[in-house]
Structures are given as C-alpha cells and as structure tokens.
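Residue numbers (this note's numbering), protein chains in the order written: chain A, 1 to 594; chain B, 595 to 863.
No lab work stands behind these hints: they were computed from the structure.
Honestly, I wouldn't trust all of these hints.
Simulated pairs of lysine-lysine, DSSO-like, Cα-Cα distance not exceeding 27 angstroms [stated by the list, open to error]:
no., chain 1, residue 1, chain 2, residue 2
1, B, Lys658, B, Lys669
2, A, Lys478, A, Lys462
3, B, Lys836, B, Lys627
4, A, Lys320, B, Lys823
5, B, Lys818, A, Lys32
6, B, Lys669, B, Lys823
7, B, Lys627, B, Lys823
8, A, Lys323, A, Lys32
9, A, Lys32, B, Lys667
10, B, Lys627, B, Lys669
11, B, Lys667, B, Lys627
12, A, Lys564, B, Lys836
13, A, Lys32, B, Lys669
14, A, Lys323, B, Lys836
15, B, Lys845, A, Lys564
16, B, Lys836, A, Lys320
17, B, Lys658, B, Lys818
18, A, Lys323, B, Lys627
19, A, Lys100, A, Lys320
20, A, Lys564, A, Lys478
21, B, Lys823, B, Lys667
22, A, Lys100, A, Lys462
23, B, Lys818, B, Lys667
24, B, Lys669, B, Lys818
25, B, Lys845, A, Lys478
26, B, Lys845, B, Lys627
Just so it is clear, the structure is predicted and the values come from calculations on it, not from any experiment.
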Amino acid sequence: MSGDGERQAMDVDIACVGFGPATAGFLTELSKSLMNPDGSPAIESRVMPGMPLQVVCYERADDVGFGVSGVVTRARGIRASLPDLDFSRIPMAAAVVDEKVVYLLDPVGASRRSLSLRMIDRTVRTLRLDRDLGWELPYVPPFLRKDGGVVLSMGQFMQHVAGEISSSGVVQIWPGMPVAEAFPGATEGSVGGIRLTDQGAEPGMDIHAALTVIGDGPVGAVGRQLDERLGMPKGHRHREWALGMKFVVDLPEPAELAPGTVWHTIGYPEPEIFGFLYVHPGNVASVGIFVPSWFRSPVRTAYRYLQHYVTHPYLWRRLKGGKLRSWGAKSLEESGRRGEPFLVGDGFARIGEGSGSTNVLTGSGVDEAWTTGALLAQAAVRLARDCRPFTRENLERTYVTLRRSSWVERDSRIAEKSRDGFHRGVVRGMVGMALAGLTRGRLSLGGEPRPVAGTEEFFARKIAAAEVRRIVGECRAKGTSSHDALMDASGWPAIPFDGQLLFSQQDALLVGGKVQAPAGFADHVQFRRRDLCEACDVKLCIEMCSGQAIAPGSGGVPAFDREKCVYCGACVWNCPHAAIAFQAGAGGLHSTEN
Amino acid sequence: MTTPFQIVVCGSIVPDPLQTLEPVTAPGGPALKNEMMLPAVLDPWAGHALFEAAHLAQRVAGSKVWLVAMAPKAKLQQVMMTVAQKVPFELIALDGPASGFTDSFETAAALALAVAAIPGLDRSRLLLFGGWESASRGAGSTLQMVGERLGIGEQFQGVDQLTVVDGGIEILERIEGGKHQVSICTGPPAVLGWATGHLPEPRNNPQVGMVNMRGIMPSLQRAKAAPVKSEGLSFTAVNLPKQQRATRVVKDMPVAGIAREIVAWIGEE
Chain A
1 MSGDGERQAM DVDIACVGFG PATAGFLTEL SKSLMNPDGS PAIESRVMPG
51 MPLQVVCYER ADDVGFGVSG VVTRARGIRA SLPDLDFSRI PMAAAVVDEK
101 VVYLLDPVGA SRRSLSLRMI DRTVRTLRLD RDLGWELPYV PPFLRKDGGV
151 VLSMGQFMQH VAGEISSSGV VQIWPGMPVA EAFPGATEGS VGGIRLTDQG
201 AEPGMDIHAA LTVIGDGPVG AVGRQLDERL GMPKGHRHRE WALGMKFVVD
251 LPEPAELAPG TVWHTIGYPE PEIFGFLYVH PGNVASVGIF VPSWFRSPVR
301 TAYRYLQHYV THPYLWRRLK GGKLRSWGAK SLEESGRRGE PFLVGDGFAR
351 IGEGSGSTNV LTGSGVDEAW TTGALLAQAA VRLARDCRPF TRENLERTYV
401 TLRRSSWVER DSRIAEKSRD GFHRGVVRGM VGMALAGLTR GRLSLGGEPR
451 PVAGTEEFFA RKIAAAEVRR IVGECRAKGT SSHDALMDAS GWPAIPFDGQ
501 LLFSQQDALL VGGKVQAPAG FADHVQFRRR DLCEACDVKL CIEMCSGQAI
551 APGSGGVPAF DREKCVYCGA CVWNCPHAAI AFQAGAGGLH STEN
Chain B
595 MTTPFQIVVC GSIVPDPLQT LEPVTAPGGP ALKNEMMLPA VLDPWAGHAL
645 FEAAHLAQRV AGSKVWLVAM APKAKLQQVM MTVAQKVPFE LIALDGPASG
695 FTDSFETAAA LALAVAAIPG LDRSRLLLFG GWESASRGAG STLQMVGERL
745 GIGEQFQGVD QLTVVDGGIE ILERIEGGKH QVSICTGPPA VLGWATGHLP
795 EPRNNPQVGM VNMRGIMPSL QRAKAAPVKS EGLSFTAVNL PKQQRATRVV
845 KDMPVAGIAR EIVAWIGEE
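Chain B on its own, in the form it takes in the complex:
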C-alpha cells in the first residue's frame, strides 16, 4: 500500500483571461491598469496542479491537499468562492501581491516559509505542486526556488502526468516535439511544476464547497502580510503579447487549405 502523500499546491490568482490588460507605471513599479477591479481566477497552471493533486489524493487513501496562495486577501477570498467548489483542500493564505511583477525570488521565499510552517507537515511525504510557469509571468522560476528553499532536490517541470507505480511515482515531463520524458522518482519529497495535465476541470460540487469554506474563511482571517517588497528590482520594459485578429468566415474549407493559410500567416510574422 502506498504511503499517503501530503500534497502542497502553490498557486495564486491572475486576471480573468477574458479581460483586456494594459500595463501602466505605478508609483511602486509596473502594474496592470485597474488590476484590482478586474475579475480574477486561479492561475490556470496552478489550477491544473490543484486538480491533479486532488485526483492523486483521492486515489491514495489518507493523502491530504493544501493550497498555499499569496494574493491580496479580498481578491483571494473572491476567487475561493469558485475554486472551493471544485476539489477538497485546505487553504493557507498569505496577504500579498499577485500582480506578476513581484520578484519571484521574494515570492518563493514567502511561499517556502508558509509551506514549512504548515502544522504536522511531514517532508518525507511532501509533494510540492504548482504551476510550471506560475507567479513569474512565464519565467518558470518560482516553484523551483520554493523547492530549493525547502531542500527538495527532485524537481520536475512541465509535468503532464503522475502515476503511482511499484517503487515510486512515474512522471511525464514535456519536452520538445510534443513528446514526454519519463522519469521514475522513488518517492517524496519532490517538486512537480505542472503543465496542463490530462484532467478536465472538475464540476462544481456544493458539498465540497461547504466543507472547504469552513476552513477557508478562518484561513483568510488569519492571513498575515507577506514580506514581499520587490525593492531593488527594476524593469527595463513591460509589454503585452502582440495580438492580431483578422476574422473571416469561410465554409467548407478543406483542412489542408486551412493549414496552408496558417503556415503562410505564421510566415508573415
């Protein structure tokens, strides 16, 4: 029988992907215009990590899932109204920035402290999950540093699948060409930075929500300000990804024709 896992997911919030983002320069550095007014969601990378964690915990009896999240408390509370309906977890909340312009080094330090302070955490059973590219605007550095600060050397990034096998866990990491690298890890502790995984978003479950929320509100009330200041960090430039849209409605176009158009369009870039 597999020893139960203690799965800690690091994940925070990002603006709802449907929003129009506009970088601005605020007194404290770069920011997104009206970011606090925009609706937020759990970072999709971290969301995949959380759903994979819950799926694993369901399969390995006795396992438990924590979500460690650093974000402005009010925004985090709001996002939890949606996330808490998905899967069972216990929230560890840190009141801090989640703008994506925060120094990933400091973010990692704050998250590592919070993970280490979880009562009853057994590091020999710890799987540290997170989004592959979370909390770093795609740099993929934060989770790695959290793991290093916790002294976890076994690290896997771009993970799409975890399977409990005899002698450990089998992990599929994304590599070039749409292929996966297969590794066998003898067991925890390990860091897994998730890509998209294979699980669909779980359906909302009112009972899960009711149970989760009993712990979430006290956790939010206890949340302390995270020591993240981003002092000494400077940004040379901030740009949004260039977006182009050219819509045409064409019916009954052969697949090969669509492919040719896409290739030609990419060639124009």
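Chain A extracted, bound-state conformation:
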C-alpha cells in the first residue's frame, strides 16, 4: 500500500480541497442529504455501488481549524444551514452586544497623516471629542453593523463543525494532507480529480473524483493553479489584498469588557490600517489589524504595526497586563466579486473566499464563504439525485444560478466598487465606502491600484535617501528584514517588550505562534525566478513576511525557513514579479483559538 515509490490512485465521488468555512458549509449541507432515515444511501455512489456517495476532504493544516481567523459575523448563512445551532456550545462564541467605530489619533507622532487627516485630528483634539486619544464615533453605518451577529473563534467553530460532520459518518475529513494540484480531466478545461502532495520519496496519491470542490482559500495552491490554467473571466482580477494579523489575549482582571463587545478602528497606526477588537467569553479578546494592498509602504510588516496598535492608549488601557495566548495571520482577498474566477467547469466548482465571495464593504467573508459552499451542496445533491453528471453546463444551471440569486451575490454587487477610492487616499476611500454603502452601490468613488512605493520614495520626508540605503544594506548584510530599522529611523518608538503580550517577533513565534513544519514535505515557498529575485530592489516578500520566515539570502535570492511559516500567503501577492511559487504544504500554525 505504500513505500514502493509508485503513484497510487483512488476513486471517490466528491473530493474537496481545503477545510475552511466554505467547505464546512458544503459538507454540512451535503451530509444532511446522503443517507435515508433507515440508514440506506439516499444517493448511491458511482465508484462504490450500493454505498452512499464517497466524499473526502483534504486539508493541508495539521488539524482542522488551524490557522483560520477569528471573526464577527452576522451568521445568516450559517444559521440557515444549522437552524438549531446553539452558539453557546462553541467555546469563545458570544452574541454581539455592543459595537462601535473608533477613530484613533496618533499618540507618537510617527503616523503618516495627510493634510485632511491632520485637520480631523486637530478638530477632535480641540473639541476634546476623544478619550485616551480615541474618538468613539456616534454612528455605526448600517452596512458595517453586525446586529444579531456573533463573535467567533473560527478555530473553535471549525473544530465544532468538523466534529458534527465527521460524526455523521458519511464524510471523511483528513487534515495534514496537502493537495498539490487538480489534474485535468477528459475534456479541455476540466478537472478529473486531485493529486496529493508528495511525502518524501513517496509520490502523492491521485484521487479521481466526479466533482472536485475547490475551497482552499484566497492563496490556495489549487485555486491559483486553476486561475493560471483557465485565466480569469473578462474584467476580473486578483488585485486587492489585505494581510490580517491578530493576537488572542487573556485580558487583565477584573474584566471590563463584556463578551460580544466589538470595536472597529480607523486612523492608527497608519491611516490605511484598519483595526478591530472582539471580546470572547472568559475575558479573552481577539485584537488585530488589516494591512491593505493600497498601503504603499515597501516595509509594511504587520507584526510591528500590530504592536503599535495594541499599545495605543485607547486599547492599551484595556490590554495592559494581558497575556498573549495565540497569534496568527491570514491573507484576505479584497477584490471581492471582481476577483471571482470561473466558478465551474467540467468536474469542478469553486467556493469560498478564493471564489470571490468576500464582501469588501461589510468587511465579512466567513458567512459568505459558508453560503457559497451550502449552495454548491444543494446543487450537487440535485444533480446526483437526478443522475446528471457534474459538467460545466449542469453546474452553471444549478450552482451558479443559485449563487447569482443569493444574498451573497446581491450584497457583493453593492460592495463591488466600494473600496476603489482608497487607491487615491484614505479620506476618499472612507467617503467612497460610505457612498456605496448608503446608496446600495449606486454611487462610489473610483481609483486604480498604484504600485508599492520605492523605499527611498516612501521614507523621503523622514529619512535621507543615503541613510535609507545604508540601513537597508546593513540589514541585508545581517540577513534580516529592514522594516524594524526603518520604522525606528522614521520616528516610531521602540516596543516596550513586557514578556507577556509584547514580544520580539521571534519570541512571538514560540509563545503565541505555535508553528510546526512536519518532516517529509518539500519547501512550499520557492523562488522560481532567481534572476528576478536578484534584480528585485524592495524584496517585499521579506518585509511583509508574517513569521520572518523569508530572509535575505545569498546572491540576492531570499531564503525560506518553513519552520517559521504561518501560511499567511502574503509573499505571493506582495511579489511584484510573480516570482514566488506558494504550494500547499503540511504544518503551519497549531492554534485553534485564532
């Protein structure tokens, strides 16, 4: 069965790539329909006649719920699939009780604020609208509100859902099993199944499937390969991204914030960076930031900014004395509907964030991803019951039709252009969002992405060009990224490490990151164009790496250490030359609290 070095093969009816919220929605909905109450198969397998549909799901992380993010969600789709779900049974879940938007002033004077923002700052200070340098806005726009929603640890939620699905006995979920690719089927543009990743000298198994469900997220290897193979629909592109990074914190006693408290913040550490704080039961909070692609810094490390964020006086008065439990990072596909790939083809369907379901106006993606999976399940059941094959035409008529008439599609159309204004400035971006939200997408402000600034250009007002070059050269020679040194030189204060919540990034990897790289798998990050890497000046892959897993290497080609990689995927979308191959690999974060 193993060890002979020959590639083996197995036949199933449905194979799923990745176990995130979309696949969880798919499998939850699907598993309801596979068996009759008397225990007989409701839909018979084609590969094992007499048995129910054979459904398998392969997840690259070492366990289900590892490395997925925490959220506040309205949970409309989740509740539709699981009407009896009692969220209180899920650890770290709490109903939203209080929600506010807070504008954060700059307490250190290092933030790069435009003239319009400086005017806002001055007004807030003059009128003494702030408390601890945070102005609690009197109004939360309805499109942002999560009324009736719930704060979740996605790790805990996914573990709960995986348990429920598995206990049905009709679906098998296999963590620690990365998928290398979706191989072509008999017709052009089709998918015949998936190939699992090689383990050492052992070739990965081929899983032949009538339907391959691709839900491996925004930076998933299989989804991106399909995009390369098939191209994107006209006018669609993956061009807007964000890197979300957060801490899970044991808050200091006595508890001041009620479970279900939700803060959205704007204005600091840089105006382009959004922040959040969600409070879970047990005096635990998730606190983090989103660093978007329109933030033009060439040294846009999220970790350093996150530390400045949590030490902002408005947050620090609640967080001081807290302890880091966990941290993690994740890429977010912020192109929304305009990042939607071809949703179906012969033998395959795309679901979840990688299928362009994230709503960039409401800032939500989990519920949308779940719903796309649930819709595909309804379509797959209908086709299987009618003994119709999973062809592109049949999937178009069922899944795509369901999706086009769903609330996910309706809301994503409203959101489609809502963030374009950010490409031309933060204030314009805010106004554009408000316009789009309040007019249900009829009005918005335009803007096109601009490339990341050169290092000297970005710091021109704060550090002399020669000094920038000296700092970058010194860091490269030491084998480190330059973001810390450049932020120090541009006026950001040192982080007062307290050994509880504030650590060096390397220590955070050990204390809160819990990263593991199992033996037997090849490096999943590879630099496939050495010539481009050698010529690359900014090396954003190094500067943006969430785990300091990418460092300056010999000859100008970065070096990758998979023992530190948290699989955020930021290196892929930050590389201006598309020179990075980001494959699926086992390992990464070992936390179910994120």
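We have chain A; now place chain B onto it with these hints.
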C-alpha cells in the same frame, strides 16, 4: 512460521505539544486551563507503540492491531482524523477523561475491562502495547497495572525494539547510560511499554484512512462512559516543568564550545 499476534495498543490523547499549558483548580480537582479547547494529538509514547504494533503486524501475517483509547469522545474523534491515516488498526473507544490528572489505578481498570471484552481476543497471542509513561503524567504505572489486571506477568518497560526470533521475541529495554537490556521472551502474552522505538512516524496514507474510518466512527458511536471518577484522590501540588529560554545566535561556534556552554548552563540549575 510465527503464530500471528493480537496486538492491543493502549493509548490516548494529550494536548498538542506546542500549546502553552496552565494548571488550574477546577471543581473536580486539578485541570489544565482550556484543555478541551486546545488541539490534541495521540500521546507520542502511545504513538510510537501504535506504529511499532502496525510494523510488527505487517511483518507477521495474520496479526491484527487494536487501539484502546479512553478520552472525551469528541476530542478522540478529532484526533482520529489524523491518526487513522497512519497505520491500519481497529479502535475500541471509551468515553472518559484524558486529562492526566485521572487516577492511573482507575484508568488501568477501565482499560483492562475494555481489552478483556474485545470479541475473539486470544490471550495466548496477546501483546499488550502502550506508551512507557502514558496516562500517568510520566509515572509509568498505568500500562503495568493493565497487564497485571489481565494476568500478564511478562512485562517490559522502556522498550525500543522488538524482534521476532527463533524461540520467541527479543526485546530491548532502555537502561541507564544509553544502553539496552536484551531479553528473550518465549512469546505472548506480554506487556511492552514503548519508549521511542526506532520507527519514523508513518506517512499519511489516504487508503488506510478510508478503511480505518469505516470502523472508527461506529466505535465512537458505541463508546460508553468509562467508570472513572478519581474519588478519594487528592493532589498536594500541580506544577508545570520549569521552562527557561535564552536565545543567542552564534555562527561557526566549535562543537566543543557549544558543549562547554551547555555543561555550564546545566551547572547553574
């Protein structure tokens, strides 16, 4: 030809080794903070035992492997998603605590009952495997008591190797100084508490997983609550091992220099 073995591995779950553990006092006694929320893995000691069992069963035709595991059912189910891909086995699940603060005497009693109840078990062919220090926070007592309750006198602890030889099985047990004690056991029944063995962790095999899972889910559904209450057990103190970390990056340091530093560091303790 060697008579096929019936290998029963006792093994349960522990928190993922990468997690930060914090002892707390719960109404029922000591516990680990948020233990049910932490990801879990098969106890590494028991994992070695399971992989050795599967390796032995593969070499001796007709042999079979059972895994008897006592743990909270939901957590056990989750861990099985990973373990079931490794090697073929049949699960016997007991729904009970796996916190490490359970009385090893009661744990052993529950496990022995479960082993004895395995349909078709032939004790004359039984090899009882487990982790050397499993289910006892390192005390090494549980597996020994399971064996005693099953009336098995041949017991070996700290096992690193088992070889089928003419006239029985050769067993290497760890002793001081990095050496092994070599014993020849004429055959089953015997208890083997494994140390690390010599086998690497098997690679994930989807076909093994599919076959295993057909038996695992029914076993979990059948799992009954284990009669383990730990009444009358009291703990004087609960402490985590002291951890210290002092990182320095030094390049091109001679091995002798590294050794001198380590010796000096140990001397500071």
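Hint-by-hint comparison with the structure:
Note on Lys658 (chain B) and Lys669 (chain B): the hinted pairing holds, with a Cα-Cα distance of about 25 angstroms set against a maximum of 27 angstroms. As the CA atoms of Lys478 (chain A) and Lys462 (chain A) are separated by approximately 23 angstroms, the hinted pair is consistent with the 27 angstroms bound. For the hint linking Lys836 (chain B) to Lys627 (chain B), the alpha-carbon distance of about 17 angstroms falls within 27 angstroms, and the restraint holds. With a C-alpha separation of about 40 angstroms, the suggested pair Lys320 (chain A) and Lys823 (chain B) falls outside the 27 angstroms cut-off, and the hint is violated.
This hinted pair checks out: Lys818 (chain B) and Lys32 (chain A) have alpha carbons roughly 26 angstroms apart, not beyond 27 angstroms. In summary, the hint linking Lys669 (chain B) to Lys823 (chain B) is supported, as the alpha carbons are separated by about 19 angstroms, within the 27 angstroms threshold. A C-alpha spacing of about 20 angstroms is found between Lys627 (chain B) and Lys823 (chain B), which places the hinted pair at or below 27 angstroms, so the restraint holds. For the suggested pair Lys323 (chain A) and Lys32 (chain A), the alpha carbons sit about 41 angstroms apart, so the restraint of at most 27 angstroms is broken.
The hinted pair formed by Lys32 (chain A) and Lys667 (chain B) meets the criterion: a straight-line CA distance of about 22 angstroms does not exceed 27 angstroms. Proximity of Lys627 (chain B) to Lys669 (chain B) is assessed by CA-CA distance (about 16 angstroms); at most 27 angstroms being required, the pair is judged to hold. Our distance criterion of 27 angstroms between C-alpha atoms is met by Lys667 (chain B) and Lys627 (chain B), whose separation comes to about 19 angstroms. Our distance criterion of 27 angstroms between C-alpha atoms is met by Lys564 (chain A) and Lys836 (chain B), whose separation comes to about 24 angstroms.
With a C-alpha separation of about 23 angstroms, the suggested pairing of Lys32 (chain A) with Lys669 (chain B) holds against the 27 angstroms cut-off. Between the alpha carbons of Lys323 (chain A) and Lys836 (chain B) the distance comes to roughly 18 angstroms, so the proposed pair stays at or under 27 angstroms and holds. A threshold of 27 angstroms between alpha carbons decides the hint, and for Lys845 (chain B) with Lys564 (chain A) the separation of about 19 angstroms falls inside it, so the pair holds. Taking the CA atoms of Lys836 (chain B) and Lys320 (chain A), the gap is near 25 angstroms; set against the 27 angstroms cutoff, the hint holds.
Our distance criterion of 27 angstroms between C-alpha atoms is met by Lys658 (chain B) and Lys818 (chain B), whose separation comes to about 23 angstroms. A C-alpha spacing of about 14 angstroms is found between Lys323 (chain A) and Lys627 (chain B), which places the hinted pair at or below 27 angstroms, so the restraint holds. This hinted pair checks out: Lys100 (chain A) and Lys320 (chain A) have alpha carbons roughly 21 angstroms apart, not beyond 27 angstroms. For a cut-off of 27 angstroms, the pair hint linking Lys564 (chain A) to Lys478 (chain A) stands: about 18 angstroms separates their Cα positions.
Restraint check for Lys823 (chain B) and Lys667 (chain B): the C-alpha separation of about 16 angstroms stays at or below 27 angstroms, so the hint holds. About 34 angstroms separates the Cα atoms of Lys100 (chain A) and Lys462 (chain A), which puts this hinted pair outside 27 angstroms; it is violated. The straight-line distance between the Cα atoms of Lys818 (chain B) and Lys667 (chain B) is roughly 9 angstroms, inside the 27 angstroms bound, and the hint therefore holds. The suggested pairing of Lys669 (chain B) with Lys818 (chain B) holds, with an alpha-carbon distance near 15 angstroms, which does not exceed 27 angstroms.
At roughly 12 angstroms between alpha-carbon atoms, Lys845 (chain B) and Lys478 (chain A) fall within 27 angstroms of each other, so this suggested pair holds. A hinted pair counts as satisfied when its Cα atoms are at most 27 angstroms apart, and Lys845 (chain B) with Lys627 (chain B) does not qualify at roughly 39 angstroms.
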